[in-house]
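Asker: Listed below are the residues making up each chain.
2 protein chains.
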Amino acid sequence: MPITDLSHAVTDGPVSGTVPGEKNAIAQRVIVLLDRLGRLTRELQFADGLNPAQWEALRFLAQANRYSRSPTALADYLGATKGTVSQTLIALESKGLITRCKKTEDRRQVDLCLTEAGQAMLAKDPMQTLEQATLEIADELGAEMVKGLSRLLHDLQTRNQINEFGVCQDCSLFCVNSQAALVDMNAKVGVGTCGNTGETVDAAEKTKICVNYKTAN
Amino acid sequence: MPITDLSHAVTDGPVSGTVPGEKNAIAQRVIVLLDRLGRLTRELQFADGLNPAQWEALRFLAQANRYSRSPTALADYLGATKGTVSQTLIALESKGLITRCKKTEDRRQVDLCLTEAGQAMLAKDPMQTLEQATLEIADELGAEMVKGLSRLLHDLQTRNQINEFGVCQDCSLFCVNSQAALVDMNAKVGVGTCGNTGETVDAAEKTKICVNYKTAN
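If you're matching them up, the sequences are chains A and B in order. So that you can map any letter, position 156 of the first sequence is 388 in our numbering, and since no number is skipped, the others follow by simple counting. So that you can map any letter, position 145 of the second sequence is 377 in our numbering, and since no number is skipped, the others follow by simple counting.
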């Protein structure tokens with residue numbers, strides 16, 4: 233069935249006990265709204281000489297952990313080809329917004345880092361246009377919005393076999409009871425171990441997003 | 233403040249009485265989710281040889297009323313330039329998905345219509361991938377999602393001076409009590425008059441989206 237704008241079929245009231253037709257109308261309305269919001273937020277991100285993919289890359293690199301600041305992880309996150317991501321990175325590098333440094337532990341691997349100019353650019357993130365509006369609805373509808381949008385995103389990611397990129401402390405591989413974690417915990421509260429690499433994840437790292445994230449299910 | 237992935241700061245519980253920091257974390261989380269969903273739904277729309285703007289144009293033309301099936305209204309809806317929209321329309325026309333017909337009442341004006349092939353293509357709309365997931369959350373979260381997303385969209389549209397494109401029956405210019413409406417209502421229930429053009433809007437037309445839509449406010 234083609235998507236239709238069914239705003240007229242949606243009321244402001246609660247929907248418990250909705251009849252099938254009404255439920256379908258609400259679902260269609262959510263899809264149309266997401267599509268239009270997606271288009272508008274994309275348009276917003278042609279700003280300060282950057283395109284949407286470049287803004288997304290800056291955001292990702294600012295939040296990614298040490299396993300994830302690579303061109304491969306970025307391509308995965310953006311759902312883009314390596315070729316496209318390569319162009320994005322070249323553009324950001326030529327603008328002085330990111331640098332490629334060799335990882336200390338394995339100098340063959342590249343770590344992509346934001347420069348000071350990159351951090352300053354992120355402070356002007358055009359997606360912040362939505363901030364006031366989201367703050368206004370946060371009290372009344374915030375939790376439901378997060379829950380609903382998360383479920384839709386999870387469904388899309390699963391269906392399209394896209395990594396979820398959650399943060400360490402929500403990851404099923406994050407272990408706070410391992411020997412290494414217990415030793416470190418004496419020095420620093422909240423530290424854990426990555427079940428994938430066996431490495432220690434400190435308090436600052438555990439809120440970063442990771443390419444190896446696995447949901448608990 | 234740059235956008236961060238604050239999934240860890242969000243709980244599943246209700247947020248009434250949220251502290252300012254938590255409220256901010258929820259708002260940021262909504263923004264990140266919308267951004268990621270926007271990107272993924274865009275990627276989905278490179279399907280069946282069409283691009284996202286072409287899918288959006290097909291959807292719009294299928295739902296637009298007689299005042300709105302023009303290149304100008306489409307450009308307005310898409311938030312795109314006339315040049316970009318022209319390319320989109322040429323592509324859709326060359327694929328045999330739309331036709332340009334002269335309007336009967338004013339033959340200088342163009343009416344863009346979907347062909348049968350266009351209707352068939354719309355039945356394969358890739359945004360329907362989201363249908364199952366939205367149906368699953370519709371009972372529990374549908375009304376809140378529609379309310380929240382509508383408010384965000386309205387805010388973005390107002391801020392960027394973009395038309396809202398609602399349907400006639402929700403429009404503040406739609407009048408069901410005019411003389412013309414009353415005469416026609418004897419023949420057909422639910423008919424009204426457009427306060428902008430003075431023309432009769434019948435039951436089929438009143439659920440179509442319109443470039444001249446005005447919210448009640």
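Hints were generated in silico from the structure; no laboratory data involved. Idealized CB from N, CA, C, for every residue including glycine. Fair warning: there could be bad hints in the mix.
As the list claims (entries may be wrong) - Which stretches of chain B does chain A cover? Using the computed rule of at least three CB atoms under 8 Å from a CB of chain A, they are:
#, region
1, 314-328
2, 423-432
Claimed, not checked - Simulated pairs of lysine-lysine, BS3-like, Cα-Cα distance not exceeding 30 Å:
#, chain 1, residue 1, chain 2, residue 2
3, B, K379, A, K255
4, B, K440, B, K379
5, B, K314, A, K379
6, A, K356, B, K334
7, B, K255, A, K440
8, B, K334, B, K255
9, A, K379, B, K356
10, B, K255, B, K379
Asker: All hints, please: hold or fail.
Answerer: Status of each hint after checking the structure:
no.	hint	verdict
1	314-328	violated (count 0)
2	423-432	violated (count 0)
3	B:K379 with A:K255	15 Å, holds
4	B:K440 with B:K379	20 Å, holds
5	B:K314 with A:K379	38 Å, violated
6	A:K356 with B:K334	46 Å, violated
7	B:K255 with A:K440	20 Å, holds
8	B:K334 with B:K255	53 Å, violated
9	A:K379 with B:K356	28 Å, holds
10	B:K255 with B:K379	18 Å, holds
The structure is inconsistent with the numbered hints 1, 2, 5, 6, 8, although it conforms to all the rest.
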